[in-house]
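Those protein sequences? They're chains A and B, same order as listed. Our numbering applies: residue 21 is where the first sequence begins, and numbers increase by one. Our numbering applies: residue 21 is where the second sequence begins, and numbers increase by one.
None of these hints come from the bench; they were simulated from the model. Mixed in with the good hints there might be a few duds.
No copy is singled out in the list; a pair is fine if it fits within one copy or between any two copies.
Below, in silico cross-link-like pairs of lysine-lysine (BS3-like), each with a Cα-Cα straight-line distance of 30 Å or less [to be verified]: (1) Lys95 x Lys22; (2) Lys55 x Lys179; (3) Lys95 x Lys199; (4) Lys32 x Lys22; (5) Lys32 x Lys66; (6) Lys257 x Lys182; (7) Lys22 x Lys66; (8) Lys32 x Lys55; (9) Lys257 x Lys95; (10) Lys182 x Lys238; (11) Lys49 x Lys22; (12) Lys55 x Lys22; (13) Lys262 x Lys203.
There are 2 protein chains.
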Amino acid sequence: MKRSERLVDMTKYLLDRPHTLISLPFFAKRYDAAKSSISEDLAILKHTLAANQDGILETIAGAAGGVRYTPYLGKTHAATYLADLAARIEDPTRILPGNFVYLSDILSSPQDIRRIGELLATRYAYSQIDAVMTVETKGIPLAEAVASYLNVPFVTARKRSKVTEGATVSVNYISSSLKRVSKMELPTRALPKGANVLIIDDFMKAGGTLTGMEQLVKEFEGTIAGICVLCEADFDKEKLVKDYISLVKISQIDAGKRLIVAQPGNFLSQTDFSRF
Amino acid sequence: MKRSERLVDMTKYLLDRPHTLISLPFFAKRYDAAKSSISEDLAILKHTLAANQDGILETIAGAAGGVRYTPYLGKTHAATYLADLAARIEDPTRILPGNFVYLSDILSSPQDIRRIGELLATRYAYSQIDAVMTVETKGIPLAEAVASYLNVPFVTARKRSKVTEGATVSVNYISSSLKRVSKMELPTRALPKGANVLIIDDFMKAGGTLTGMEQLVKEFEGTIAGICVLCEADFDKEKLVKDYISLVKISQIDAGKRLIVAQPGNFLSQTDFSRF
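Only chain A is shown next, with the shape it has when bound in the complex (with noise of 0.2 Å):
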């Protein structure tokens, strides 16, 4: 096979699998070529990769050595992402009543799950990450998203469980939204025990669900990686959990003005941009 096949090969080969060691004997057999044909393609995607900023190729030597690729957007494409999609969630259309904000659309994009998904990436690159978690049912498409691009599994925990699922473990939280005491579950199978969990939810008022999954963190004996949303609602002051990541944050929204002010959020500053 061609160098010019070879590369187009690998690189969707490894864009397939994510944060995957693959050896370079797994290559050079696959394509019929020398380890030092093979070191030199990937050589090459290393820098392309690079030179655009979308994403890390590392070689790691030794017996037990090979390639591996890291989703990670360059800071530029993260600015320039959560700008426009700060300057979208602006829309006044989005207000509903009790100042929630329809997000569904942008929730239902397979291009900004992707994005948003790669840029949570980047954020947890190089954390010790086993699973990724949310709570029923909008902020599915984004842990999944994060999930796919960290390859790890991700969890659902539930507010009502299902009979198809099994034995669970609930807890039970104060909905900061409704003022009230709720429930989640999650099967007790979903979550093997001590595992490393990073939280993700769509949209954050005070942040009273976000405790639920804390919880059930700790009802598993896990430790809790990261706390990112999608959208952080600022006018709500007092936040029941410390050390969240937001990628837009909305500062004000008065549905009597049709007025909804937002801008990214503490991402920027909360994340390590210089593995390039």
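Chain A is fixed; fit chain B onto it per the hints.
What follows is chain B alone, placed relative to chain A:
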């Protein structure tokens, strides 16, 4: 930029944008290269994808032309994966009370979700699909993956609506597993009128839930472009829907004998793999 670098970048660019027409002048400008060089690059890409049977690159001639990447897997890839998936589903620890089957590990695995998404996107690669629909909760990752490979939005019907979605349309249906009338609903702004909708769900017994989604599509004056499920319980003989596609068929569950029998569903016979 050298051809080798262009090929890496072009492969990533196209894979990130399935079912999207990219003009040749766009690439010529991006790489500061002649259109004839770009055409040669694309020929290499097309040939390599076709040789591996893992994608189709189409060139559309003329002023409004360009190139489009279509996720599309060959029959061997599909058959190999589905045989493996069916074998994994035959694990008797999956049997839950009431002849339900635990599938959450598969629905939480990025590799499985990606592969299943790519398979279903192969089936509908040349159909007119405007949106993918599912109902909460477990079908959501599947619907998202299929929508991502088809590059169309996906919409999630809910069993209880939330204040964060605005006005909704609701329908009643007979949930056959529970033998009772249930309700599902979709925000009015989630789906445009008259759309061609692909319905996706994780598990089908008699298909009651699928009839609910069929009704929702009709309420939005849409057309059902297809119905796909990950797993079909073949021992529930009376199906309420016709013309569905299943990836895996479970023909027998015997909790007492700790036996579950599964094989690939009708997907392989219902899919046209002849495009390579």
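Quick rundown of the hints versus the structure:
1. Lys95 x Lys22: between (35 Å within a copy, 25 Å between copies)
2. Lys55 x Lys179: For Lys55 and Lys179, the Cα distance exceeds 30 Å both inside one copy (52 Å) and across copies (55 Å).
3. Lys95 x Lys199: neither (38 Å within a copy, 53 Å between copies)
4. Lys32 x Lys22: both (16 Å within a copy, 19 Å between copies)
5. Lys32 x Lys66: both (14 Å within a copy, 12 Å between copies)
6. Lys257 x Lys182: Cα proximity of Lys257 and Lys182: across copies only (23 Å, versus 35 Å in one copy).
7. Lys22 x Lys66: both (19 Å within a copy, 14 Å between copies)
8. Lys32 x Lys55: both (19 Å within a copy, 23 Å between copies)
9. Lys257 x Lys95: Within one copy only: 28 Å inside, 55 Å across.
10. Lys182 x Lys238: both (22 Å within a copy, 28 Å between copies)
11. Lys49 x Lys22: Both: 14 Å inside a chain and 26 Å across chains, each within 30 Å.
12. Lys55 x Lys22: both (14 Å within a copy, 22 Å between copies)
13. Lys262 x Lys203: Result: close within a single copy only, 21 Å intra versus 38 Å inter.
In this structure, the hints that do not hold are numbers 2, 3, in rising order.
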